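*Asks:* Spelled out from the first residue to the last, the chains are:
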Amino acid sequence: MWGRLRALIAKEFLAVWKDKKSRAVIIGPPLIQLLVFGYAATFDVNHVATAIYNEDSGLAARELIARFEGSPSFETVARLSRDAQIQDVIDPKEASLVIHIGQTFTRDLMARRPARVQLIVDGRESNTALIILGYASRIVADFNNEWLAARGEALPPARLVVRSWFNPNLESQWFIVPGIVALLTLVVTTVVTALTVAREREVGTFEQLLVTPFRPFEILIGKSVPALVIGLAEGTVIIAIGVFWFGVPFRGDLLLLYAGLFLYILSVIGVGLMVSSISRTQQQAILGAFLFVVPAVILSGFATPIANMPPFIQDLTLINPMRYFLVIVRGTFLEGLPAELVYARLWPMAAIAAVTLVGAGWMFRHRLG
Amino acid sequence: MSGSRVDAHGGSGEPATSMDVAGTPGLRLRGLVRKETLQILRDPSSISIAFVLPAILLLLFGYGISLDAKHVPVALVIENPTTETSSFAVSLINSPYFAPALVRDRRAAKEALVAGDADAIVVLRSDFSRRLRSPVGAPIQVIVNGTDANTARIIEGYMQGAWQKWLEQYSLDEGLALTPPVVTEQRVWFNAEVRSRNFLVPGLIAIIMTLIGTLLTAMVVAREWERGTMEALMVTPVRIGEILLGKLIPYFLLGMGGMALSTAMAVWVFDVPFRGSLAVLLVVSALFMLASLGMGLLISTIARSQFVAGQVAIIVAFLPAFILSGFIFDIASMPTVVQWITHIVPARYFVSSLQTLFLAGTVWPIVLANGAALALMAVIFLGLTRRKTHKSLE
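So the sequences go chain by chain: Y and U.
Residue numbers for the first sequence follow my numbering, beginning at 1 and rising by one.
Residue numbers for the second sequence follow my numbering, beginning at 370 and rising by one.
Hints are supplied without guarantee of correctness; some may be wrong.
What the hints assert, rightly or not - Simulated pairs of lysine to aspartate or glutamate, EDC-like, Cα-Cα distance not exceeding 20 Å:
#1 U:K479 - Y:E340
#2 U:K439 - Y:D315
#3 Y:K93 - Y:D44
#4 Y:K93 - U:D699
#5 U:K757 - U:E611
Stated by the list, open to error - Pulled a few chain U residues facing chain Y out of the computed Cβ check, cut under 7 Å:
#6 G506
#7 V511
#8 T520
#9 W532
Stated by the list, open to error - Over 12 Å on every C-beta distance to chain Y, these chain U residues come out as not near it, computed from the model:
#10 T393
#11 L396
#12 S455
#13 I462
#14 V472
#15 V604
#16 I609
#17 G626
#18 L630
#19 L650
#20 A655
Keep in mind the hints are simulated off the structure, nothing from the lab.
For clarity, every value in this text was computed on a predicted model and none was experimentally measured.
Note that beta-carbon positions come from the ideal geometry of N, C-alpha and C, so glycine has one too.
All chains, full assembly: derive it from the sequences and hints.
*Replies:* In structure tokens:
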């Protein structure tokens with residue numbers, strides 16, 4: 001049995017490998033994407049295009065503006081002199097923020113009346129808008145504290161001291177790059193497996209395979225092993241690039257990460273093979289792969305937190321293997337996730353893998369006709 | 370097979386003679402369009418890509434993708450309960466953004482943070498009340514889980530708001546004069562409540578239309594190459610331009626149907642305001658559809674196998690549309706080199722146009738620049754396809 005199983009595995013490897021184009025597709029693009037996405041997928045906001053509309057000639061106004069201009073988060077792109085110009089710079093996205101200081105700013109400040117500063121942001125990109133407002137508020141708060149301190153006035157009775165664990169500078173890259181391990185492994189493994197059975201069905205060789213002495217689970221192993229090897233290799237390369245190129249700290253247990261990666265790939269293979277064995281044509285298989293990959297990525301917590309989703313969709317994410325692996329990969333990279341918390345995410349993936357692999361094996365025979 | 374069958378009919382209904390097969394260009398094109406349309410209608414998976422897929426994806430993502438954190442679980446440590454600490458706790462409980470849970474000590478709080486049961490820790494130290502009355506003031510220690518940097522930043526902002534609110538109330542109760550020297554007035558244009566859905570749903574439409582335009586055509590045409598029906602079509606008198614047009618027209622209409630459905634859902638299901646001009650939306654969508662269909666055709670012509678075409682379509686169409694289009698990640702904050710790369714992603718221009726047309730209205734400088742870029746890309750992709758298809762025959 002081992003001899004013929006080996007032959008089958010070798011045949012499946014060749015099926016993926018012998019075609020120069022499909023080989024290239026598996027190796028090149030994922031690595032290019034890792035590099036591009038590693039830099040592109042960032043929630044950090046810097047060099048905010050800022051327009052300054054200052055109607056006050058006082059010293060305090062100039063000092064406040066100097067603080068904005070001195071911050072690396074803001075970049076002055078225009079100076080305005082009329083109300084109507086605000087629309088002229090925001091509408092065509094020439095500026096994302098307009099700082100408007102009215103005529104009475106310095107006078108109010110000196111007279112201890114609240115001096116008003118208007119911050120107008122472009123809300124088309126709501127996340128960026130919130131971050132810009134956060135940065136701007138902090139600059140104003142610093143200005144206030146120093147103004148009060150310089151005049152010997154009372155500071156507020158309580159203050160916030162915020163610290164961030166695991167990622168002290170809140171770098172998006174530390175969050176995104178481990179996520180890309182999960183993303184690209186998912187994409188590559190799914191496309192490798194989703195078409196294997198469907199392609200053979202379309203050509204008719206799958207029926208031939210079924211009449212050989214191979215039992216369905218042997219065919220299952222034959223189809224799974226190449227995908228598993230490719231997935232593990234791809235995952236390893238991405239993890240290495242994450243650590244050595246992007247400099248994301250790795251604080252956890254590598255063994256736990258690989259246990260997670262192994263079960264994750266297995267569960268994705270199960271889904272891929274199931275899609276493949278249900279499909280009658282390659283086109284349906286690709287469509288099926290898409291219907292799995294796209295929601296799996298978006299509903300995994302890769303870009304937006306699962307906690308923000310409505311309860312019904314949160315329940316739906318429980319059957320998404322990527323959800324569990326994302327916690328493991330981010331946790332082992334940044335937090336040094338304790339073993340028992342990793343185990344709690346391993347068994348759901350094992351369960352998904354078991355159900356989908358058995359389902360795929362059963363579909364091999366029962367999809368006939 | 371189907372290719373030759375339709376050629377025999379020629380779309381004219383007359384008995385097939387050699388004259389009919391050569392036909393007039395208009396007739397030939399009509400026949401081809403009819404053949405492709407029949408093929409789409411006969412395969413339920415194409416119809417489902419165009420109509421069922423957008424509806425499901427839009428519903429799933431429209432509800433699933435949100436950057437608005439609400440009821441953030443917070444582990445609250447109060448080392449010495451007093452009236453002041455409980456008034457602060459109440460202000461957290463009353464905030465819609467937080468779901469605070471009292472924990473024993475810092476260690477328990479740390480465990481909750483690592484286990485993911487809490488996204489932030491707030492510690493009020495034992496001397497909190499005493500230091501409130503001292504000139505230096507009392508610290509409120511906040512620890513956020515920085516793994517998800519964006520959420521951490523959002524939580525920090527909310528915490529700032531809760532603190533400020535409590536401070537005002539406290540000062541009022543204590544009879545302290547607390548007016549900060551400079552007060553900010555924040556105006557968020559186009560999206561006053563800062564709903565992330567208003568920003569994400571228009572972008573989602575672009576992603577979904579990328580899937581339909583590029584993936585569907587890439588697969589369909591690659592299948593013809595694989596089965597040899599493309600060669601069969603080529604030996605008939607139809608010209609290459611006509612074959613391509615015959616493919617383009619039905620899928621273009623299918624895509625525009627999906628587009629109409631998505632727009633209707635955005636407005637009526639997700640309550641995203643539409644402030645621009647519908648006619649402009651139609652034109653920009655048509656240009657985007659042409660560009661992404663062109664990309665799909667080009668992929669299939671080069672790949673010639675469904676396996677490779679499918680993979681390439683995911684890799685060069687879906688993933689860049691998701692990450693490099695400005696749909697969720699701000700392009701202006703990316704490194705310069707990556708910003709250049711985003712210029713060759715058609716979805717980038719479409720996302721920007723959609724966000725503007727939906728939320729801001731018809732801003733001509735944006736619409737014209739994006740429309741021109743899309744038109745250019747459509748011409749390039751379709752032109753390249755035309756050349757590649759021609760060469761391969763020689």
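*Asks:* None of the hints should be skipped; say for each whether it holds.
*Replies:* Quick rundown of the hints versus the structure:
| no. | hint | verdict |
| --- | --- | --- |
| 1 | U:K479 - Y:E340 | 16 Å, holds |
| 2 | U:K439 - Y:D315 | 17 Å, holds |
| 3 | Y:K93 - Y:D44 | 18 Å, holds |
| 4 | Y:K93 - U:D699 | 13 Å, holds |
| 5 | U:K757 - U:E611 | 15 Å, holds |
| 6 | G506 | 5 Å, holds |
| 7 | V511 | 5 Å, holds |
| 8 | T520 | 5 Å, holds |
| 9 | W532 | 5 Å, holds |
| 10 | T393 | 33 Å, holds |
| 11 | L396 | 29 Å, holds |
| 12 | S455 | 14 Å, holds |
| 13 | I462 | 17 Å, holds |
| 14 | V472 | 16 Å, holds |
| 15 | V604 | 24 Å, holds |
| 16 | I609 | 23 Å, holds |
| 17 | G626 | 17 Å, holds |
| 18 | L630 | 17 Å, holds |
| 19 | L650 | 15 Å, holds |
| 20 | A655 | 23 Å, holds |
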